[in-house]
Amino acid sequence: MAFSRSARLGAVATAAASFLVIAASSAPTPGAPGIGDPYFPQLGNGGYDARHYDLDLAYAPDTGRLDGRTTLTARATQKLSSFDLDLQQLEVTGVQVDGRRAEFTRDGDEITVTPRRALPEGRVFTVSVTYGGIPEPLGGPIIFGSSYGWMKTGDGVFVACEPNAASTWFPSSDHPADKATYDIRIKAPRGLTAVSNGRLVSTYDKGGSTYTHWRESKPMATYLATATIGKFDVRTGRTPGGIPVYVAIDPVLKNGNTVDVYGVTAAATDYWSQVFGPYPFEETGAIVDDMPQAGFSLEVQSKPVYSAVRNETTIVHELAHQWFGDSVSVARWQDTWLNEGFATYAQWLWAEHQGTRSAHDAFLAGYNARPADSAFWQIKVADPQRDTMFASAVYQRGAMTLQVLRERIGDKAFFELLPAWTRLHRYGNADTDDFVRLAERVSGRQLDDLFGPWLFTTGKPAL
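Note that the numbering used here has the sequence shown beginning at 1, numbered continuously upward.
Calculated directly from the structure, the hints in this document are not laboratory data.
Accuracy of the hints is not assured; some may be wrong.
What the hints assert, rightly or not - Simulated pairs of lysine to aspartate or glutamate, EDC-like, Cα-Cα distance not exceeding 20 angstroms:
(1) Lys-218 / Asp-49
(2) Lys-380 / Asp-449
(3) Lys-187 / Asp-98
(4) Lys-231 / Asp-290
(5) Lys-460 / Asp-448
(6) Lys-79 / Asp-62
(7) Lys-206 / Asp-56
(8) Lys-218 / Asp-62
(9) Lys-380 / Asp-433
(10) Lys-231 / Asp-205
Working from the sequences, and respecting the hints, build out all of it.
Okay, here's the thing in C-alpha coordinates:
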(Lines of atoms letter the chains of each structure in order from A; the text may use other names.)
(Lines give C-alpha, C1' and ligand atoms only; values in the text may rest on other atoms or scores of the structure.)
Protein backbone atom coordinates (compact mmCIF):
# COMPACT_ATOMS: atom_id res chain seq x y z
CA MET A 1 0.00 0.00 0.00
CA ALA A 2 1.36 3.41 -0.95
CA PHE A 3 1.02 6.71 1.04
CA SER A 4 0.94 10.29 -0.16
CA ARG A 5 3.74 12.65 0.96
CA SER A 6 1.50 14.33 3.56
CA ALA A 7 0.38 10.98 4.89
CA ARG A 8 4.01 9.85 5.15
CA LEU A 9 4.95 13.00 7.09
CA GLY A 10 1.99 12.46 9.39
CA ALA A 11 3.03 8.85 10.02
CA VAL A 12 6.58 9.97 10.82
CA ALA A 13 5.29 12.60 13.28
CA THR A 14 3.00 10.07 14.94
CA ALA A 15 5.83 7.55 15.25
CA ALA A 16 8.13 10.21 16.76
CA ALA A 17 5.49 11.20 19.30
CA SER A 18 4.95 7.55 20.22
CA PHE A 19 8.69 7.07 20.67
CA LEU A 20 8.87 10.07 23.01
CA VAL A 21 5.99 8.70 25.11
CA ILE A 22 7.67 5.28 25.33
CA ALA A 23 11.04 6.86 26.15
CA ALA A 24 9.48 9.05 28.83
CA SER A 25 7.65 6.12 30.38
CA SER A 26 10.87 4.11 30.66
CA ALA A 27 12.94 6.93 32.12
CA PRO A 28 14.47 6.23 35.55
CA THR A 29 12.43 7.52 38.48
CA PRO A 30 13.12 7.85 42.24
CA GLY A 31 11.92 5.13 44.56
CA ALA A 32 9.19 6.17 46.98
CA PRO A 33 10.36 7.32 50.44
CA GLY A 34 7.88 4.98 52.14
CA ILE A 35 5.66 2.01 51.37
CA GLY A 36 2.54 3.93 52.41
CA ASP A 37 1.65 2.10 55.62
CA PRO A 38 -1.40 3.92 57.05
CA TYR A 39 0.24 4.18 60.48
CA PHE A 40 3.84 4.88 59.40
CA PRO A 41 3.72 6.29 55.84
CA GLN A 42 7.48 6.96 55.65
CA LEU A 43 8.62 3.57 56.90
CA GLY A 44 10.03 1.19 54.35
CA ASN A 45 10.95 2.36 50.88
CA GLY A 46 9.71 1.89 47.34
CA GLY A 47 11.57 0.89 44.20
CA TYR A 48 13.49 -2.07 45.57
CA ASP A 49 13.11 -5.30 47.49
CA ALA A 50 15.59 -5.88 50.35
CA ARG A 51 17.27 -9.27 50.09
CA HIS A 52 20.12 -9.40 52.63
CA TYR A 53 21.73 -7.18 55.26
CA ASP A 54 25.39 -7.40 56.29
CA LEU A 55 25.75 -5.43 59.52
CA ASP A 56 29.24 -4.68 60.88
CA LEU A 57 28.91 -2.99 64.27
CA ALA A 58 31.32 -1.74 66.90
CA TYR A 59 29.84 -0.63 70.22
CA ALA A 60 31.56 1.14 73.12
CA PRO A 61 29.36 0.82 76.23
CA ASP A 62 31.40 3.37 78.20
CA THR A 63 30.57 6.19 75.76
CA GLY A 64 27.43 4.72 74.14
CA ARG A 65 28.91 5.21 70.67
CA LEU A 66 28.00 2.89 67.82
CA ASP A 67 30.01 2.77 64.60
CA GLY A 68 28.66 0.71 61.76
CA ARG A 69 28.80 -0.29 58.16
CA THR A 70 25.64 -1.76 56.68
CA THR A 71 25.65 -3.41 53.27
CA LEU A 72 22.22 -4.08 51.86
CA THR A 73 21.73 -6.38 48.89
CA ALA A 74 18.48 -5.53 47.09
CA ARG A 75 16.64 -6.01 43.81
CA ALA A 76 15.34 -3.00 41.90
CA THR A 77 11.58 -3.27 41.26
CA GLN A 78 11.60 -0.31 38.88
CA LYS A 79 14.19 1.62 36.88
CA LEU A 80 15.74 3.65 39.71
CA SER A 81 17.33 7.07 39.43
CA SER A 82 17.59 7.17 43.25
CA PHE A 83 16.26 5.33 46.28
CA ASP A 84 15.82 5.88 50.01
CA LEU A 85 16.96 4.25 53.24
CA ASP A 86 15.51 4.83 56.72
CA LEU A 87 18.00 6.01 59.36
CA GLN A 88 17.26 7.98 62.50
CA GLN A 89 19.69 10.23 64.39
CA LEU A 90 23.02 8.73 63.32
CA GLU A 91 25.47 10.51 61.02
CA VAL A 92 26.24 9.06 57.59
CA THR A 93 29.85 9.51 56.45
CA GLY A 94 29.83 7.59 53.17
CA VAL A 95 27.67 5.64 50.73
CA GLN A 96 28.64 3.24 47.93
CA VAL A 97 26.47 1.50 45.35
CA ASP A 98 28.02 -1.62 43.87
CA GLY A 99 31.36 -0.60 45.34
CA ARG A 100 31.41 2.89 43.80
CA ARG A 101 30.91 6.12 45.71
CA ALA A 102 27.36 7.44 45.43
CA GLU A 103 25.86 10.81 46.22
CA PHE A 104 23.40 11.06 49.07
CA THR A 105 21.22 13.67 50.73
CA ARG A 106 19.30 13.64 53.97
CA ASP A 107 15.85 14.87 54.95
CA GLY A 108 15.11 13.91 58.55
CA ASP A 109 14.99 10.13 58.79
CA GLU A 110 15.24 9.62 55.01
CA ILE A 111 18.58 9.06 53.28
CA THR A 112 18.26 9.49 49.50
CA VAL A 113 20.98 7.70 47.54
CA THR A 114 21.75 8.59 43.91
CA PRO A 115 23.96 6.01 42.17
CA ARG A 116 26.30 7.10 39.37
CA ARG A 117 24.11 5.30 36.87
CA ALA A 118 20.43 4.42 37.00
CA LEU A 119 19.66 0.92 38.19
CA PRO A 120 17.65 -1.14 35.67
CA GLU A 121 14.49 -2.87 36.83
CA GLY A 122 15.34 -6.37 38.03
CA ARG A 123 18.96 -5.48 38.80
CA VAL A 124 20.40 -6.91 42.02
CA PHE A 125 22.65 -4.28 43.61
CA THR A 126 24.41 -3.49 46.87
CA VAL A 127 24.40 -0.27 48.84
CA SER A 128 26.93 0.19 51.65
CA VAL A 129 26.52 2.90 54.28
CA THR A 130 29.15 3.94 56.81
CA TYR A 131 27.69 5.73 59.82
CA GLY A 132 28.08 6.38 63.52
CA GLY A 133 26.91 8.21 66.62
CA ILE A 134 25.08 7.59 69.86
CA PRO A 135 21.75 5.84 69.22
CA GLU A 136 18.84 7.03 71.30
CA PRO A 137 15.72 5.01 72.09
CA LEU A 138 12.31 6.15 70.92
CA GLY A 139 9.44 6.99 73.25
CA GLY A 140 5.80 8.03 73.22
CA PRO A 141 2.55 6.17 73.82
CA ILE A 142 2.97 3.29 71.36
CA ILE A 143 4.81 0.74 73.56
CA PHE A 144 2.82 1.16 76.77
CA GLY A 145 4.52 4.51 77.33
CA SER A 146 7.94 2.81 77.54
CA SER A 147 11.10 3.71 75.68
CA TYR A 148 12.09 1.15 73.05
CA GLY A 149 14.78 0.51 70.48
CA TRP A 150 18.49 0.80 71.33
CA MET A 151 18.54 1.11 75.16
CA LYS A 152 21.76 1.44 77.10
CA THR A 153 22.18 -0.83 80.12
CA GLY A 154 24.71 -0.86 82.95
CA ASP A 155 26.97 -3.25 81.05
CA GLY A 156 25.93 -2.93 77.41
CA VAL A 157 22.72 -2.47 75.45
CA PHE A 158 19.23 -3.98 75.26
CA VAL A 159 17.85 -3.90 71.69
CA ALA A 160 14.10 -4.34 71.09
CA CYS A 161 12.73 -2.34 68.16
CA GLU A 162 9.02 -2.91 67.50
CA PRO A 163 7.56 -1.20 65.57
CA ASN A 164 9.84 1.48 64.10
CA ALA A 165 13.16 1.61 65.94
CA ALA A 166 15.41 -0.66 63.86
CA SER A 167 16.43 2.42 61.89
CA THR A 168 17.83 3.96 65.08
CA TRP A 169 20.83 1.63 64.75
CA PHE A 170 21.12 0.56 61.11
CA PRO A 171 20.01 2.01 57.74
CA SER A 172 17.26 -0.13 56.28
CA SER A 173 13.90 -0.46 54.62
CA ASP A 174 12.30 -0.40 58.04
CA HIS A 175 8.94 -2.10 57.53
CA PRO A 176 7.90 -5.75 58.06
CA ALA A 177 6.64 -5.96 54.46
CA ASP A 178 10.28 -5.85 53.29
CA LYS A 179 11.94 -8.87 54.92
CA ALA A 180 15.50 -10.05 54.33
CA THR A 181 18.17 -12.41 55.63
CA TYR A 182 21.01 -11.15 57.86
CA ASP A 183 24.66 -11.49 58.80
CA ILE A 184 25.33 -9.49 61.98
CA ARG A 185 28.91 -8.98 63.15
CA ILE A 186 29.47 -7.24 66.47
CA LYS A 187 32.63 -5.90 68.06
CA ALA A 188 32.33 -5.30 71.82
CA PRO A 189 34.74 -5.04 74.76
CA ARG A 190 36.27 -8.35 75.79
CA GLY A 191 34.27 -9.96 78.58
CA LEU A 192 30.89 -9.02 77.14
CA THR A 193 28.65 -11.32 75.12
CA ALA A 194 26.86 -10.10 71.99
CA VAL A 195 23.67 -12.02 71.15
CA SER A 196 21.75 -11.69 67.92
CA ASN A 197 19.42 -13.57 65.57
CA GLY A 198 19.78 -17.00 64.03
CA ARG A 199 22.81 -19.15 64.77
CA LEU A 200 26.25 -18.29 66.06
CA VAL A 201 28.78 -18.56 63.24
CA SER A 202 31.91 -17.57 65.17
CA THR A 203 33.24 -15.71 68.17
CA TYR A 204 36.83 -14.85 69.06
CA ASP A 205 38.88 -12.43 71.14
CA LYS A 206 41.47 -10.09 69.69
CA GLY A 207 43.21 -7.46 71.75
CA GLY A 208 40.69 -5.92 74.11
CA SER A 209 37.67 -6.85 71.99
CA THR A 210 35.38 -9.79 71.31
CA TYR A 211 34.15 -10.29 67.75
CA THR A 212 30.89 -12.18 67.26
CA HIS A 213 29.19 -13.23 64.01
CA TRP A 214 25.50 -14.28 63.89
CA ARG A 215 23.58 -15.38 60.80
CA GLU A 216 19.80 -15.36 60.30
CA SER A 217 19.19 -17.40 57.15
CA LYS A 218 15.39 -17.03 57.13
CA PRO A 219 13.66 -13.80 56.04
CA MET A 220 13.25 -11.40 58.95
CA ALA A 221 11.45 -8.09 59.50
CA THR A 222 13.78 -5.27 60.54
CA TYR A 223 12.10 -4.70 63.92
CA LEU A 224 12.95 -8.29 64.93
CA ALA A 225 16.72 -7.76 64.59
CA THR A 226 18.76 -7.39 67.76
CA ALA A 227 22.35 -6.81 68.84
CA THR A 228 21.97 -7.13 72.61
CA ILE A 229 25.29 -6.86 74.45
CA GLY A 230 26.17 -7.45 78.09
CA LYS A 231 27.37 -9.94 80.67
CA PHE A 232 25.41 -13.16 80.18
CA ASP A 233 25.48 -16.73 81.40
CA VAL A 234 24.86 -18.84 78.29
CA ARG A 235 23.33 -22.30 78.13
CA THR A 236 23.02 -24.24 74.88
CA GLY A 237 21.54 -27.59 73.96
CA ARG A 238 18.53 -29.04 72.14
CA THR A 239 14.86 -29.35 72.89
CA PRO A 240 13.51 -32.89 73.39
CA GLY A 241 12.31 -32.58 69.78
CA GLY A 242 15.83 -31.79 68.55
CA ILE A 243 15.68 -28.02 67.97
CA PRO A 244 18.90 -26.16 68.97
CA VAL A 245 18.50 -23.85 72.00
CA TYR A 246 20.58 -20.81 73.01
CA VAL A 247 19.59 -19.06 76.25
CA ALA A 248 21.54 -16.06 77.62
CA ILE A 249 20.63 -14.75 81.08
CA ASP A 250 22.06 -11.71 82.84
CA PRO A 251 23.76 -13.09 86.00
CA VAL A 252 22.14 -10.27 88.00
CA LEU A 253 18.80 -11.99 87.35
CA LYS A 254 19.81 -15.62 87.26
CA ASN A 255 19.77 -16.40 90.95
CA GLY A 256 16.57 -14.54 91.73
CA ASN A 257 14.68 -15.87 88.73
CA THR A 258 11.89 -18.27 89.69
CA VAL A 259 11.13 -19.27 86.09
CA ASP A 260 13.11 -22.03 84.34
CA VAL A 261 13.68 -20.04 81.17
CA TYR A 262 15.61 -22.79 79.41
CA GLY A 263 13.16 -25.53 80.32
CA VAL A 264 10.01 -23.59 79.42
CA THR A 265 11.57 -22.36 76.17
CA ALA A 266 12.40 -25.92 75.14
CA ALA A 267 9.01 -27.34 76.12
CA ALA A 268 6.97 -24.54 74.55
CA THR A 269 8.96 -24.59 71.30
CA ASP A 270 8.27 -28.31 70.92
CA TYR A 271 4.59 -27.99 71.84
CA TRP A 272 3.92 -25.11 69.46
CA SER A 273 5.64 -27.12 66.75
CA GLN A 274 2.88 -29.70 67.16
CA VAL A 275 0.03 -27.16 67.27
CA PHE A 276 1.17 -24.45 64.82
CA GLY A 277 3.32 -26.44 62.40
CA PRO A 278 7.09 -27.08 62.20
CA TYR A 279 9.32 -24.58 64.01
CA PRO A 280 10.25 -22.04 61.31
CA PHE A 281 13.83 -21.15 62.34
CA GLU A 282 17.21 -22.78 62.91
CA GLU A 283 17.40 -22.10 66.63
CA THR A 284 15.16 -21.20 69.56
CA GLY A 285 16.14 -19.47 72.77
CA ALA A 286 15.97 -16.39 74.94
CA ILE A 287 17.90 -13.26 75.92
CA VAL A 288 17.10 -12.23 79.48
CA ASP A 289 18.61 -8.87 80.41
CA ASP A 290 18.42 -6.68 83.49
CA MET A 291 16.55 -3.76 81.93
CA PRO A 292 13.80 -2.56 84.31
CA GLN A 293 13.32 0.69 82.36
CA ALA A 294 11.91 -1.27 79.43
CA GLY A 295 9.23 -3.21 81.27
CA PHE A 296 8.38 -5.33 78.22
CA SER A 297 9.56 -8.31 76.20
CA LEU A 298 9.77 -8.72 72.43
CA GLU A 299 9.57 -11.67 70.05
CA VAL A 300 13.02 -11.13 68.53
CA GLN A 301 13.35 -13.73 65.76
CA SER A 302 14.77 -17.02 67.09
CA LYS A 303 15.55 -15.54 70.56
CA PRO A 304 12.92 -13.36 72.27
CA VAL A 305 14.38 -10.63 74.48
CA TYR A 306 13.03 -10.23 77.99
CA SER A 307 13.64 -7.27 80.27
CA ALA A 308 13.60 -9.84 83.07
CA VAL A 309 11.17 -12.80 82.94
CA ARG A 310 8.14 -12.25 85.10
CA ASN A 311 6.20 -15.44 84.45
CA GLU A 312 5.97 -18.56 82.31
CA THR A 313 3.14 -17.22 80.16
CA THR A 314 5.41 -14.42 78.89
CA ILE A 315 7.73 -17.04 77.44
CA VAL A 316 4.97 -19.04 75.74
CA HIS A 317 3.52 -15.79 74.34
CA GLU A 318 6.80 -14.63 72.80
CA LEU A 319 7.59 -18.08 71.42
CA ALA A 320 4.16 -18.29 69.75
CA HIS A 321 5.18 -15.12 67.93
CA GLN A 322 7.89 -17.08 66.14
CA TRP A 323 5.03 -18.39 64.00
CA PHE A 324 2.58 -15.47 64.34
CA GLY A 325 4.52 -12.28 63.66
CA ASP A 326 7.99 -13.52 62.82
CA SER A 327 7.51 -16.22 60.18
CA VAL A 328 4.09 -14.88 59.14
CA SER A 329 4.47 -11.11 59.40
CA VAL A 330 1.89 -8.37 59.04
CA ALA A 331 1.65 -6.66 55.67
CA ARG A 332 0.67 -3.41 57.44
CA TRP A 333 0.81 -2.38 61.07
CA GLN A 334 -2.95 -2.02 61.50
CA ASP A 335 -3.19 -5.84 61.34
CA THR A 336 -1.06 -6.29 64.44
CA TRP A 337 -3.84 -8.33 66.08
CA LEU A 338 -2.64 -11.16 63.82
CA ASN A 339 0.51 -11.11 65.97
CA GLU A 340 -0.76 -10.18 69.41
CA GLY A 341 -4.20 -11.79 69.39
CA PHE A 342 -2.69 -15.10 68.29
CA ALA A 343 0.14 -14.98 70.84
CA THR A 344 -2.33 -14.13 73.62
CA TYR A 345 -4.55 -17.00 72.53
CA ALA A 346 -1.47 -19.21 72.71
CA GLN A 347 -1.27 -18.37 76.42
CA TRP A 348 -4.81 -19.72 76.79
CA LEU A 349 -3.88 -22.84 74.83
CA TRP A 350 -0.85 -23.34 77.08
CA ALA A 351 -3.03 -23.20 80.21
CA GLU A 352 -5.37 -25.68 78.54
CA HIS A 353 -2.40 -27.92 77.72
CA GLN A 354 -1.20 -27.68 81.34
CA GLY A 355 -4.68 -28.51 82.61
CA THR A 356 -5.05 -25.31 84.65
CA ARG A 357 -7.84 -23.56 82.71
CA SER A 358 -9.64 -24.05 79.40
CA ALA A 359 -9.50 -21.44 76.66
CA HIS A 360 -13.29 -21.23 76.93
CA ASP A 361 -13.05 -20.26 80.60
CA ALA A 362 -10.28 -17.75 79.86
CA PHE A 363 -12.52 -16.20 77.21
CA LEU A 364 -15.52 -15.94 79.56
CA ALA A 365 -13.40 -14.46 82.35
CA GLY A 366 -12.18 -11.67 80.07
CA TYR A 367 -15.54 -11.10 78.43
CA ASN A 368 -17.52 -10.94 81.67
CA ALA A 369 -14.95 -8.79 83.48
CA ARG A 370 -15.49 -5.85 81.12
CA PRO A 371 -18.88 -4.08 81.08
CA ALA A 372 -20.33 -2.89 77.79
CA ASP A 373 -19.43 0.73 78.52
CA SER A 374 -15.74 -0.09 79.11
CA ALA A 375 -13.23 1.74 76.91
CA PHE A 376 -11.85 -1.72 76.12
CA TRP A 377 -14.71 -2.30 73.66
CA GLN A 378 -14.13 0.99 71.82
CA ILE A 379 -10.96 -0.22 70.07
CA LYS A 380 -11.52 -1.56 66.55
CA VAL A 381 -9.24 -4.58 66.63
CA ALA A 382 -8.57 -4.74 62.88
CA ASP A 383 -7.68 -1.02 62.79
CA PRO A 384 -6.78 0.14 66.31
CA GLN A 385 -4.92 3.33 65.21
CA ARG A 386 -1.21 3.95 65.56
CA ASP A 387 -0.89 5.15 69.15
CA THR A 388 -3.17 2.38 70.45
CA MET A 389 -1.97 -0.41 68.17
CA PHE A 390 -0.79 -2.34 71.24
CA ALA A 391 -3.81 -1.60 73.41
CA SER A 392 -5.01 -4.50 75.59
CA ALA A 393 -8.04 -4.98 73.32
CA VAL A 394 -5.74 -5.88 70.42
CA TYR A 395 -4.33 -8.69 72.55
CA GLN A 396 -7.39 -9.79 74.50
CA ARG A 397 -10.22 -9.12 72.07
CA GLY A 398 -8.03 -10.58 69.35
CA ALA A 399 -7.71 -13.76 71.41
CA MET A 400 -11.45 -13.72 72.14
CA THR A 401 -12.11 -13.60 68.40
CA LEU A 402 -10.12 -16.79 67.95
CA GLN A 403 -12.01 -18.56 70.72
CA VAL A 404 -15.36 -17.52 69.22
CA LEU A 405 -14.09 -18.79 65.86
CA ARG A 406 -13.00 -22.09 67.44
CA GLU A 407 -16.40 -22.63 69.02
CA ARG A 408 -18.16 -21.76 65.76
CA ILE A 409 -16.20 -24.02 63.39
CA GLY A 410 -15.19 -26.75 65.87
CA ASP A 411 -11.84 -28.02 67.08
CA LYS A 412 -11.13 -30.14 64.02
CA ALA A 413 -11.35 -27.22 61.57
CA PHE A 414 -9.76 -24.74 63.99
CA PHE A 415 -6.66 -26.85 64.60
CA GLU A 416 -6.36 -27.44 60.86
CA LEU A 417 -6.61 -23.68 60.28
CA LEU A 418 -3.67 -22.65 62.50
CA PRO A 419 -0.95 -24.75 60.78
CA ALA A 420 -2.53 -24.04 57.38
CA TRP A 421 -2.07 -20.31 58.07
CA THR A 422 1.58 -20.66 59.08
CA ARG A 423 2.28 -22.96 56.13
CA LEU A 424 0.56 -20.80 53.51
CA HIS A 425 2.35 -17.58 54.54
CA ARG A 426 5.62 -19.04 55.88
CA TYR A 427 8.40 -16.39 55.76
CA GLY A 428 5.99 -13.94 54.12
CA ASN A 429 3.34 -11.36 54.93
CA ALA A 430 -0.42 -11.46 55.30
CA ASP A 431 -3.37 -9.33 56.41
CA THR A 432 -6.72 -9.76 58.12
CA ASP A 433 -8.61 -10.38 54.88
CA ASP A 434 -6.22 -13.25 54.11
CA PHE A 435 -7.05 -14.85 57.45
CA VAL A 436 -10.79 -14.43 57.04
CA ARG A 437 -10.69 -16.02 53.60
CA LEU A 438 -8.62 -18.96 54.84
CA ALA A 439 -10.90 -19.51 57.84
CA GLU A 440 -13.91 -19.62 55.52
CA ARG A 441 -12.17 -21.99 53.14
CA VAL A 442 -11.00 -24.41 55.83
CA SER A 443 -14.33 -24.40 57.68
CA GLY A 444 -16.56 -24.29 54.61
CA ARG A 445 -18.58 -21.54 56.30
CA GLN A 446 -19.35 -17.89 55.61
CA LEU A 447 -18.08 -15.99 58.66
CA ASP A 448 -18.84 -12.28 58.09
CA ASP A 449 -21.29 -12.28 61.01
CA LEU A 450 -18.48 -13.44 63.31
CA PHE A 451 -15.54 -11.34 62.15
CA GLY A 452 -17.61 -8.19 61.59
CA PRO A 453 -18.62 -7.62 65.23
CA TRP A 454 -15.39 -8.93 66.74
CA LEU A 455 -12.77 -7.29 64.49
CA PHE A 456 -14.28 -4.50 62.40
CA THR A 457 -16.68 -2.69 64.74
CA THR A 458 -16.57 -1.17 68.20
CA GLY A 459 -18.86 -2.15 71.07
CA LYS A 460 -19.19 -5.35 73.07
CA PRO A 461 -20.33 -8.18 70.79
CA ALA A 462 -23.30 -10.22 71.95
CA LEU A 463 -22.67 -13.90 72.65
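Exercise for review: Mind checking the alpha carbons of Lys-231 and Asp-290 for me, to see if they're no more than 20 angstroms apart?
Suggested key: holds (10 angstroms)
Review point. Are the Cα positions of Lys-380 and Asp-449 separated by 20 angstroms at most?
Key: Given pair Lys-380, Asp-449 holds - Cα atoms ~16 angstroms apart, limit 20 angstroms.
Review point. Does Lys-218 pair with Asp-49 here, judged by a C-alpha cut-off of 20 angstroms?
Key: Holds. Lys-218 to Asp-49 sits at ~15 angstroms (cutoff 20 angstroms).
**Study point:** Restraint check for Lys-231 with Asp-205, where alpha carbons must lie at most 20 angstroms apart
**Key:** Cα-Cα ~15 angstroms, so holds.
**Study point:** Distance restraint between Lys-380 and Asp-433, which requires alpha-carbon spacing of 20 angstroms or less
**Key:** Holds, at about 15 angstroms.
Review point. Taking 20 angstroms as the top limit, are the C-alpha atoms of Lys-187 and Asp-98 close enough?
Key: Answer violated: Lys-187 to Asp-98 is near 25 angstroms, above 20 angstroms.
Point to revise | Satisfaction of hint between Asp-56 and Lys-206, Cα-Cα up to 20 angstroms | key: The given pair, whose Cα atoms are some 16 angstroms apart, holds under the 20 angstroms limit.
Check your understanding: Are the Cα atoms of Lys-460 and Asp-448 separated by 20 angstroms or less?
Key -> holds (17 angstroms)
Review point. Given the hinted pair Lys-218 and Asp-62, is their alpha-carbon gap at most 20 angstroms?
Key: violated (33 angstroms)
Point to revise | 20 angstroms limit on alpha-carbon distance, applied to hinted pair Lys-79 and Asp-62 | key: Status violated; Cα separation ~45 angstroms.
The earlier numbered hints that this structure contradicts are 3, 6, 8.
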